[in-house]
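Peer 1: Please put together the full structure from these sequences, using the hints given.
Chain residues, written in single-letter form:
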Amino acid sequence: AQSVTQLGSHVSVSEGALVLLRCNYSSSVPPYLFWYVQYPNQGLQLLLKYTSAATLVKGINGFEAEFKKSETSFHLTKPSAHMSDAAEYFCAVSGTGNEKLTFGTGTRLTIIP
Amino acid sequence: NAGVMQNPRHLVRRRGQEARLRCSPMKGHSHVYWYRQLPEEGLKFMVYLQKENIIDESGMPKERFSAEFPKEGPSILRIQQVVRGDSAAYFCASSPQNTEAFFGQGTRLTVV
Numbered sequence: 003a004q005s006v007t008q009l010g011s012h013v014s015v016s017e018g019a020l021v022l023l024r025c026n027y028s029s030s031v032p033p034y035l036f037w038y039v040q041y042p043n044q045g046l047q048l049l050l051k052y053t054s055a056a057t058l059v060k061g062i063n064g065f066e067a068e069f070k071k072s073e074t075s076f077h078l079t080k081p082s083a084h085m086s087d088a089a090e091y092f093c094a095v096s097g098t099g100n101e102k103l104t105f106g107t108g109t110r111l112t113i114i115p
Numbered sequence: 013n014a015g016v017m018q019n020p021r022h023l024v025r026r027r028g029q030e031a032r033l034r035c036s037p038m039k040g041h042s043h044v045y046w047y048r049q050l051p052e053e054g055l056k057f058m059v060y061l062q063k064e065n066i067i068d069e070s071g072m073p074k075e076r077f078s079a080e081f082p083k084e085g086p087s088i089l090r091i092q093q094v095v096r097g098d099s100a101a102y103f104c105a106s107s108p109q110n111t112e113a114f115f116g117q118g119t120r121l122t123v124v
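Top to bottom, those sequences are chains Y and L. When the letters of the first sequence are read in order and numbered with this note's numbering, they come out as residues 3 to 115. When the letters of the second sequence are read in order and numbered with this note's numbering, they come out as residues 13 to 124.
For the record, the hints were derived by calculation from the structure and aren't laboratory data. The hints are all genuine.
Quick list of the computed label-pair ranges, beta carbon to beta carbon: (1) L:S99 - Y:T74: 33 to 39 Å; (2) Y:G10 - L:G85: 38 to 44 Å; (3) L:Q29 - Y:H84: 40 to 46 Å; (4) L:N19 - Y:S54: 32 to 38 Å; (5) L:V95 - Y:P81: 42 to 48 Å; (6) L:G85 - Y:G97: 26 to 32 Å; (7) Y:S11 - L:H22: 24 to 30 Å; (8) L:A14 - Y:A19: 34 to 40 Å; (9) Y:Y41 - L:S78: 26 to 32 Å; (10) L:M17 - Y:T74: 32 to 38 Å; (11) L:M38 - Y:P42: 19 to 25 Å; (12) Y:E68 - L:G85: 38 to 44 Å.
Here are the computed lysine-lysine pairs in the DSS-like style, where the Cα-Cα straight-line distance is at most 30 Å: (13) L:K63 - L:K39; (14) Y:K51 - L:K39; (15) Y:K51 - L:K56; (16) L:K39 - Y:K60; (17) L:K83 - L:K56; (18) Y:K71 - L:K56; (19) Y:K60 - L:K56; (20) Y:K51 - Y:K70; (21) Y:K70 - L:K56; (22) L:K74 - L:K56; (23) Y:K71 - Y:K60; (24) L:K63 - L:K83; (25) Y:K51 - Y:K71; (26) L:K83 - L:K39; (27) Y:K60 - Y:K70; (28) L:K39 - L:K56; (29) L:K63 - L:K74; (30) L:K63 - Y:K51.
These numbers come from a predicted model, not from an experiment. Ideal Cβ positions, reconstructed from N, Cα and C, are used throughout, including at glycine.
Peer 2: Right, dumping it as structure tokens:
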């Protein structure tokens, strides 16, 4: 069984500041981990994924995430926030490639001008 | 290569009517997943299908909900006798033989 916990349902950062969105997972098998972004009234777009290769994963739009097995974490970061980053972000886990995704409840990111 | 296509984007049904949601996967993708997103919540898995087969329906409500992915044509999520609690965004995702699922833009169902 798998689960994901996203700490902080709402996060606000100033434009240009560091973005840190937290995700902790639980999995009985080596996990595949994902971050998705959802803009209002849109579908989900994959930002990045961890599939047991490099622990530091770089994604689109300047985002990256680090897989830390000892902390069961997969936090999402971006060095400098941009206004266009305002959206809802979802962390997800699956056990293998073609299994269902288990999502966290999401973190709404607001960027302060 | 068009993305995952869902239609309609918005659907309004009265209580007791049937809702049919369609999903055309990306070209070459034989795996389809349906998820439901209730207001202010994350996505919850409903069902996983491959062509003509239901692989995992552990997230599907036992009554009124059904899904299919025929040999030809789109995948269909069917909700019979809709109730207000069925109002949600329903997302379809497709994948080939690897780890990445591509999502459609969703169908927003409103039951009045």
